[in-house]
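Protein chains in written order, with our numbering: chain E, 1 to 214; chain R, 215 to 428.
Just so you know, these hints were derived from the structure itself, not from any lab. We put the CB at the ideal spot given by N, CA and C, even for glycine. Just to be clear, a hint being listed does not mean it is correct.
To be verified - Among chain E residues calculated to face chain R with C-beta under 8 Å, some are:
1. Leu105
2. Arg173
3. Tyr183
Stated by the list, open to error - Label pairs and their in silico Cβ distance ranges:
4. R:Glu250 with E:Pro212: 54 to 64 Å
5. E:Ala204 with R:Gln247: 19 to 29 Å
6. R:Glu396 with E:Leu134: 39 to 49 Å
7. R:Gly372 with E:Thr2: 48 to 58 Å
Number of protein chains: 2
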Amino acid sequence: MTITITAFERSPDGGKGLARDTRVRWALEEMGQPYEVRFLSSAGMAAPEHLAIHPFGQIPTYEDGSLSLFETGSIVFHLAERHAGLLPTERDARARAITWMFAALNTVEPPVFELTNARVFEADKPWSEARLPLVKDRVRARLDRLSAHLGVADWLDGAFSAGDLLMVSVLLRLRMSGILDEYQDLAAYVARGEARPAYARAFAAQFAVNAPSL
Amino acid sequence: MTITITAFERSPDGGKGLARDTRVRWALEEMGQPYEVRFLSSAGMAAPEHLAIHPFGQIPTYEDGSLSLFETGSIVFHLAERHAGLLPTERDARARAITWMFAALNTVEPPVFELTNARVFEADKPWSEARLPLVKDRVRARLDRLSAHLGVADWLDGAFSAGDLLMVSVLLRLRMSGILDEYQDLAAYVARGEARPAYARAFAAQFAVNAPSL
């Protein structure tokens, strides 16, 4: 059965790997699963046939025979359940790795995403400059704790897992703001993720589509 | 084995059921699982022994023998995997229910939570009034799509699932803002969730701790 995902025809970040299809590509590469990509324009994302598989009109989606899914966390989890390499098999360790998936998406990503909103989509608002320190401090409140937890470990809980895949992907969104560099341990953690061959392949694949032509 | 969760000693909402322990209590009640609650003060949430089981110093947590978990989504999923009633058994339907869990927490909750930030924690800021319409429109962008997906169905995908449990819990946070009432179908969806006997038991249990004494 062919796996098909969707991605932006032109990613808003111009190929920096921050669009969420990179997360799914990374998971597929960790497992050595081949996949195809259907590219969508803004109009395509709002079209009824796309809304039928992604009610919120976003990317990525995942199609595999009779099954179609949306939500990056759900797609990564679905893959991790079916192929070795992204979730431990021992019961408690598996539950803790899944906990880190949710922590990346529901505890760390919301303030990170809000910082992007503040820096990019509210940059022209009269409150932009005055409000930014407050938004950054909400991110730091999470990173302080994450850094304390990580300590000198390579990954969040034992071996690399789907929890690390999502957490590294979320933290990558902070690089442009400079905040990641305030935490040397977290910057090194992100670098360990980027150094994985599967990440490099995922990044290269999305970059090939989105890089500005020379 | 006794299940123990943590909750606020005094919930910031004064018993309206919006603290996240209500979500875990609801899941436990749907399954008829007894549980105990350890109540935490602000100081208790920042104490080393709590940070050892919740790196971000929040509630709820979940302890069951050798296993301790944090993140509401992860705890609800852990319970749903082990007891009947919150996840379908058929493969594709199960994956779609899990998708709705992630959609509730990573697509719908972030703008909902940001509205609480704007209404409560930035209420005294000079930009508060001018910025609020933009924050509300981000919530509406999600609710428009959610409403279109729900249509005339009772639940998001077939029978009631952990996806509905989390989505109803997230939407409940909108009631005070008045936005939920703009969507009659979603308000009715939330009311269907609240009408479940398991929700009523979970709400009553947290209310008993947090209601103002007369």
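For each hint, the structure was consulted:
no., hint, result
1, Leu105, "holds (4 Å)"
2, Arg173, "violated (13 Å)"
3, Tyr183, "violated (14 Å)"
4, R:Glu250 with E:Pro212: 54 to 64 Å, "holds (58 Å)"
5, E:Ala204 with R:Gln247: 19 to 29 Å, "violated (47 Å)"
6, R:Glu396 with E:Leu134: 39 to 49 Å, "violated (28 Å)"
7, R:Gly372 with E:Thr2: 48 to 58 Å, "violated (26 Å)"
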